[in-house]
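Undergrad: Residue numbering for the sequence shown follows our numbering, beginning at 493 and increasing consecutively.
Rather than coming from a laboratory, the hints here were simulated on the basis of the structure. Owing to the predicted nature of the structure, the values given are computational and were not obtained by experimental measurement. The reader is advised that the hints may include incorrect statements.
[Unchecked claim] Straight-line C-alpha distance at most 25 Å; calculated SDA-like pairs for lysine to any residue:
| # | residue 1 | residue 2 |
| --- | --- | --- |
| 1 | 701 | 642 |
| 2 | 729 | 615 |
| 3 | 702 | 677 |
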Amino acid sequence: MSPTRLFFEGKPGETLTQTVILNNSSTKDYTFTVSYRDWNRDQQGNKHYFDPSTLQNSNSAWISTRERSISVPAGTSRELPVTMKVPENASPADVTNSMLFFTQIPTQEDITNSGQGIGIITLMELGLHVYYTPTANTTKDLEIAAMELRQEPTRRLAVRISNEGNTVTDATVELELTNKETGADVKLQPISISMMPQTTQTVEFAIDKKLSGNFLGVAIIKMEGSTDLRVGEKDLKL
493 MSPTRLFFEG
503 KPGETLTQTV
513 ILNNSSTKDY
523 TFTVSYRDWN
533 RDQQGNKHYF
543 DPSTLQNSNS
553 AWISTRERSI
563 SVPAGTSREL
573 PVTMKVPENA
583 SPADVTNSML
593 FFTQIPTQED
603 ITNSGQGIGI
613 ITLMELGLHV
623 YYTPTANTTK
633 DLEIAAMELR
643 QEPTRRLAVR
653 ISNEGNTVTD
663 ATVELELTNK
673 ETGADVKLQP
683 ISISMMPQTT
693 QTVEFAIDKK
703 LSGNFLGVAI
713 IKMEGSTDLR
723 VGEKDLKL
């Protein structure tokens, strides 16, 4: 499926359309139903799903497709226009989101094979993030709110990040540990995040138990589409 995220930008009262492409490179035909759900992330970045139009920042009622089911024969691709009708009374400042799901419909062959086996049918479900951002929203501003060394159940450094901007912001969070006595640096694997405006998220970097001594931890946020960096420091005794 391409893309995996749709970003609509516009104003209240506008009708916007983008196209999703479903590719089927297999030798089997597939048919999918189309449905919508609300979703958000908790502070650990885990997704949670809800019925459509449940959450305050939902736009699931704004989106539609021409077809409620779509067939993609083996070895082909299908284009599916996705339309968003922004209500006249929509907030001129709030970012909204939802999720469009494509759920595989089992064929008679799937059902027959399941009956001959252990009775389990494995089906695909593809999720497409859908965002609406008012045209005037252009501020990217992720801030490091806190850094905390945690010991249980494993040693790790938690970096709490808040999105003080007004757009969905993708970023990479990096962490570098510098031994104050030797000057040796340890760079940890960067973590990618994507945050809605006015939300917080905590990313955790596992710290090897073999590291010992006094360190300076430096966290760096690199925001996509921006040259601005956010830097936080914390003294660590490991």
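Undergrad: With reference to the structure, classify each hint as holding or not holding.
TA: Taking the hints in turn, this is what the structure says about them:
{"no.": "1", "hint": "701 <-> 642", "result": "holds, 12 Å"}
{"no.": "2", "hint": "729 <-> 615", "result": "violated, 49 Å"}
{"no.": "3", "hint": "702 <-> 677", "result": "holds, 14 Å"}
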